[in-house]
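**Student:** Sequence:
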Amino acid sequence: MPVSPPPLRQLLRDGLVTAAFCCVIALALTVGGHGAWDEQLVYSLAIGGVAWLVIEAGRLAFAADGSWPHGWRGAALVAAGSLVGLLLGSALGDRYSGQPQPIWRSPWLASTLVITVLAAVAVSFFMYSRAHARRLALEAAQAQRDAVQARLSLLQAQLEPHMLFNTLANLRALIASDTPRALDMLDHLNAWLRATLGASRTALHPLADEFALLQDYLALIAVRLGPRLAYRLELPPALATLPVPALVLQPLVENAIRHGLEPQLAGGTLQVRAELLPGALLCLSVHDDGAGLSAALPAKADSSTSHFGLSQVRQRLTALYGPAGTLELIAGDAGGTRARVIFPIKNTDLAGQA
33 MPVSPPPLRQ LLRDGLVTAA FCCVIALALT VGGHGAWDEQ LVYSLAIGGV AWLVIEAGRL
93 AFAADGSWPH GWRGAALVAA GSLVGLLLGS ALGDRYSGQP QPIWRSPWLA STLVITVLAA
153 VAVSFFMYSR AHARRLALEA AQAQRDAVQA RLSLLQAQLE PHMLFNTLAN LRALIASDTP
213 RALDMLDHLN AWLRATLGAS RTALHPLADE FALLQDYLAL IAVRLGPRLA YRLELPPALA
273 TLPVPALVLQ PLVENAIRHG LEPQLAGGTL QVRAELLPGA LLCLSVHDDG AGLSAALPAK
333 ADSSTSHFGL SQVRQRLTAL YGPAGTLELI AGDAGGTRAR VIFPIKNTDL AGQA
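Residue numbers (the working numbering): 33 to 386.
The reader is advised that the hints may include incorrect statements.
Quick list of the computed label-pair ranges, beta carbon to beta carbon [said to hold, decoys possible]: (1) L59 - G130: 47 to 55 Å; (2) P355 - T234: 51 to 59 Å; (3) V153 - R127: 44 to 52 Å; (4) R127 - V56: 20 to 28 Å; (5) G311 - A111: 22 to 30 Å; (6) R45 - A112: 19 to 27 Å; (7) I207 - L297: 34 to 42 Å; (8) I207 - Q296: 20 to 28 Å; (9) A270 - A235: 33 to 41 Å; (10) G311 - C55: 41 to 49 Å; (11) L257 - L170: 47 to 55 Å; (12) A51 - S129: 47 to 55 Å; (13) A165 - V56: 50 to 58 Å.
I should point out that these hints are in silico values taken from the structure, not numbers from a laboratory. For glycine and all other residues, C-beta sits at the position ideal for the given N, C-alpha and C.
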């Protein structure tokens with residue numbers, strides 16, 4: 033996986049590490065009797081700074097992605113940086129100290145060369161290790177994102193036909209009893225499929241799109257249930273653009289209709305609401321005044337399939353938000369059931385209002 037070139041802050045941090053290393057070398061040379069502290073500091077900073085700049089520039093030139101060159105290129109880069117740093121840095125140090133003789137006549141040439149090479153190798157290895165660790169961290173993060181996306185795609189692929197099969201089963205029953213309403217339902221089904229196609233190919237979409245899809249779905253179901261179904265959708269305008277998992281509400285609505293409202297002869301009312309909770313959390317709730325939680329969780333042979341949608345919602349929340357994404361089923365005080373999906377939001381302006 034390509035790694036982008038290091039940002040300015042990272043370069044400055046590496047430069048400070050190099051400068052600190054040069055200060056340690058200058059102190060050691062001063063203690064060893066090689067000269068005054070200020071002169072050794074200038075020599076050390078000049079040689080080390082030039083060597084670091086040459087190695088850093090060569091690294092970026094060799095590898096467009098900002099990684100360290102491998103094999104002989106890496107060794108040649110360190111050698112070239114050491115040589116240029118020694119020559120140019122020593123010349124800068126000579127100008128400061130007033131040393132008239134060139135470096136190749138210096139009595140400290142051998143020790144200076146050894147120190148420069150060892151220092152360049154040590155600093156280069158340190159920076160290479162840090163760059164390699166960053167690269168591995170980026171690759172691990174990308175692999176984790178790819179795994180989450182693959183899992184979401186699998187869950188989405190399982191969820192779409194489940195809902196479609198339920199709708200087609202309802203349409204088949206209506207064709208035999210009321211053909212005009214069945215045709216009306218077919219028109220709504222066509223509109224719903226068109227609207228769902230785009231949402232089903234993305235992990236997240238705006239909350240307004242989620243409510244629009246829900247409006248299409250409820251219009252489809254209302255053809256079959258008629259006056260037995262009343263519903264209200266409450267979406268505050270300030271929350272309309274928040275990113276939410278695509279098709280996260282529809283399984284909750286489907287469950288509420290099938291197990292809460294349909295068992296009642298008179299049907300009932302369905303309320304879907306979005307609200308902001310403290311702690312930058314978004315709550316999406318589906319409340320029905322139907323048969324209640326005990327009826328919504330029947331001990332039937334098909335109970336595993338009847339709550340397939342709820343299981344998929346839980347798994348998608350876990351994949352996207354970890355333990356911060358939850359799904360709750362709460363029994364109402366006066367009957368009915370409330371399903372609540374809660375997960376964190378990333379809109380900083382709205383998060384500040386929570």
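**Student:** Looking back at the numbered hints, which does the structure fail to meet, lowest number first?
**Tutor:** Hints 1, 2, 3, 5, 7, 9, 12 and 13 are the ones this structure does not satisfy, whereas the remaining hints hold.
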